[in-house]
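Student: Read off the chains here:
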Amino acid sequence: MEYNWDWSILVQEPYLWWLITGTGWTLAVSAAAWCIAVVLGTLIGIARTLPNRFVAGIATAYTELFRNVPLLVQLFLWYFVAPEILPAPMGHWIKRDLPLPEFATAVVGLGLYTAARVSIQVRAGIQSLRRGLAMAGYAQGMTVAQVYRHILLPVAFRVVIPPFTTEFLTVFKNSSLALTIGVLELTAQSGQISEYSFHSFEAFTAATAIYILITMTVAAAMSLVERRLPAVA
Amino acid sequence: MYRSLGTALLSLVMAGSALPSRAQEAAGTLAKIKAAGEIVFGYRETSIPFSYIEKDQTPKGYSIDLCMRIAEEVKQKIGNPVLKVRFVPVSPQTRIPLLINGTIDIECGSTTNNLTRQEQVSFLPTTFITGTKIMVKANSPIKSIDDLVGHRIGLPQGTTNERAVKSYVDKKKLGVGVLNVKDHAEGFLALQSDRVDAYSTDHILLAGLLTKAQNPEGFRIVGDFYSYDPYALMIRRNDADFRLLGTKVLADLFRSREIEKIYRKWFQPFPNNAKVSEPPSDLLKASWELNALP
Numbered sequence: 007m008e009y010n011w012d013w014s015i016l017v018q019e020p021y022l023w024w025l026i027t028g029t030g031w032t033l034a035v036s037a038a039a040w041c042i043a044v045v046l047g048t049l050i051g052i053a054r055t056l057p058n059r060f061v062a063g064i065a066t067a068y069t070e071l072f073r074n075v076p077l078l079v080q081l082f083l084w085y086f087v088a089p090e091i092l093p094a095p096m097g098h099w100i101k102r103d104l105p106l107p108e109f110a111t112a113v114v115g116l117g118l119y120t121a122a123r124v125s126i127q128v129r130a131g132i133q134s135l136r137r138g139l140a141m142a143g144y145a146q147g148m149t150v151a152q153v154y155r156h157i158l159l160p161v162a163f164r165v166v167i168p169p170f171t172t173e174f175l176t177v178f179k180n181s182s183l184a185l186t187i188g189v190l191e192l193t194a195q196s197g198q199i200s201e202y203s204f205h206s207f208e209a210f211t212a213a214t215a216i217y218i219l220i221t222m223t224v225a226a227a228m229s230l231v232e233r234r235l236p237a238v239a
Numbered sequence: 006m007y008r009s010l011g012t013a014l015l016s017l018v019m020a021g022s023a024l025p026s027r028a029q030e031a032a033g034t035l036a037k038i039k040a041a042g043e044i045v046f047g048y049r050e051t052s053i054p055f056s057y058i059e060k061d062q063t064p065k066g067y068s069i070d071l072c073m074r075i076a077e078e079v080k081q082k083i084g085n086p087v088l089k090v091r092f093v094p095v096s097p098q099t100r101i102p103l104l105i106n107g108t109i110d111i112e113c114g115s116t117t118n119n120l121t122r123q124e125q126v127s128f129l130p131t132t133f134i135t136g137t138k139i140m141v142k143a144n145s146p147i148k149s150i151d152d153l154v155g156h157r158i159g160l161p162q163g164t165t166n167e168r169a170v171k172s173y174v175d176k177k178k179l180g181v182g183v184l185n186v187k188d189h190a191e192g193f194l195a196l197q198s199d200r201v202d203a204y205s206t207d208h209i210l211l212a213g214l215l216t217k218a219q220n221p222e223g224f225r226i227v228g229d230f231y232s233y234d235p236y237a238l239m240i241r242r243n244d245a246d247f248r249l250l251g252t253k254v255l256a257d258l259f260r261s262r263e264i265e266k267i268y269r270k271w272f273q274p275f276p277n278n279a280k281v282s283e284p285p286s287d288l289l290k291a292s293w294e295l296n297a298l299p
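Each protein sequence line maps, in turn, to chains A and B. The letter at position 14 of the first sequence is residue 20 when you use my numbering, and the numbering goes up by one with no holes. The letter at position 156 of the second sequence is residue 161 when you use my numbering, and the numbering goes up by one with no holes.
Looking at chain A on its own, in the form it has when it is part of the complex:
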């Protein structure tokens, strides 16, 4: 293999700036998608454990739909198909007037997909608790909402922190798919550096190192959170 190695291109302008903005977009897409995923995923996870069969059924349908379709396909559907099946003015608004249409689509697509995965963890966390906990709550005259708010959720959330960490890391890695709909995140910027400078190996090595740095920082932060919280008996 004939290849001219030159690591200095990584700190040259404009390539350094591209890596920085790319990292910024990766963090922005991942963080925003994670917010959607945690809120929606928690609600759906709770819904799946509710006594109401109808609500639980809808929540289960959501989970199965979103976790069984590949994320890449979902992104394409949101980006290319969704605006076309909406009423024309609304579709046009999404395509042209929505600020940062690619970013918004990526966040929604990644957020809804990850929500399905988070909901499974939340449901598992709630179901891992002994039935006696909830029953004790009901025996005290608590409503369903009070049982969840004061008894089940505080314990369940501690149980699911380790799987949550995994999902959080997955969001960062999955955010690289946003490049397929035109978001210039870290992987896309590395590809761009590689095309401009033809130093592909250096560019993608830099991206690899940055991803590892991000995910390791997140993992460290999450394990800190886990240690600070009181253990589950």
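Treat the hints with care, since some could be wrong.
Far from chain B, by Cβ distances over 10 Å, these chain A residues were calculated [stated by the list, open to error]: (1) Tyr9; (2) Gly138; (3) Thr176.
Covered, in the sense of this in silico footprint (three residues per stretch, anywhere, with C-beta under 8 Å from a C-beta of chain A), are these stretches of chain B [said to hold, decoys possible]: (4) 56 to 67; (5) 98 to 105; (6) 179 to 193; (7) 198 to 204.
Hints were generated in silico from the structure; no laboratory data involved. Just so it is clear, the structure is predicted and the values come from calculations on it, not from any experiment. Think of the CB as a built atom: it goes at the ideal place given N, C-alpha and C, for glycine as much as any other residue.
Given the coordinates of chain A, work out where chain B should sit on it, guided by the hints.
Tutor: For chain B alone, kept in the frame of chain A given last:
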């Protein structure tokens, strides 16, 4: 934590620095082809009519035909009449890494020969000459990049066109929005679905995209040439033997004027749409003459 991160980075750096020394093998492309019993072509999926696939999924086109001639010559040279040809799809982003790492032996697409690329790869003589233009919807008032202020243009990521348009926009300080797309099909889809107001690539590829449109008259190719793009087949660098073989094959085609026959087959008219035809430009004819080495 820090130790493991340090180790991870160190191993990456080590992997990087170990490669060049291991890579100094004397064997060139011809030896590799001979040993493997196959020659691997990199092809593009939507570069009509240079290199593209249709329903039957077999790559075809002007560049593929030229590569086939080279494969014939390779057969003779290494004395293997049953040499296999294998096709690997490439994109603007992957074509150079895949060529360098040996996944493909020659790229038969629509790649511009430029000096920056020559730092990593090498090119055979020019086979086509084109330049950057823009395509808009037929009812659009846009006639050039200057009219795009306040509008959005789709650009194929990692191409010379992307660079040409971006540097034009920067130089004139125009406020033009950019959507980066992965390939021409996606770019054309973005234009059709009104996600962008214009799409830009080499003018010949725009013509190729029109042949696939359901309503070719719904679009117009406008503007001046924003760049000079001589296309060439791409091979690995520092491989004088394979390069000489390829140059010989092409010089023969240019000298015998057989190139005109191959050209007509793909461009006059385009194979998939009889309404679109592109005669060879004077510049291209001159280039054939100049490269018809005796």
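Student: With reference to the structure, classify each hint as holding or not holding.
Tutor: Here is what the structure says about each hint:
no.	hint	verdict
1	Tyr9	violated, 6 Å
2	Gly138	holds, 39 Å
3	Thr176	holds, 18 Å
4	56 to 67	violated (count 0)
5	98 to 105	holds (count 4)
6	179 to 193	holds (count 4)
7	198 to 204	holds (count 3)
Hint violations for this structure: numbers 1, 4, all remaining hints satisfied.
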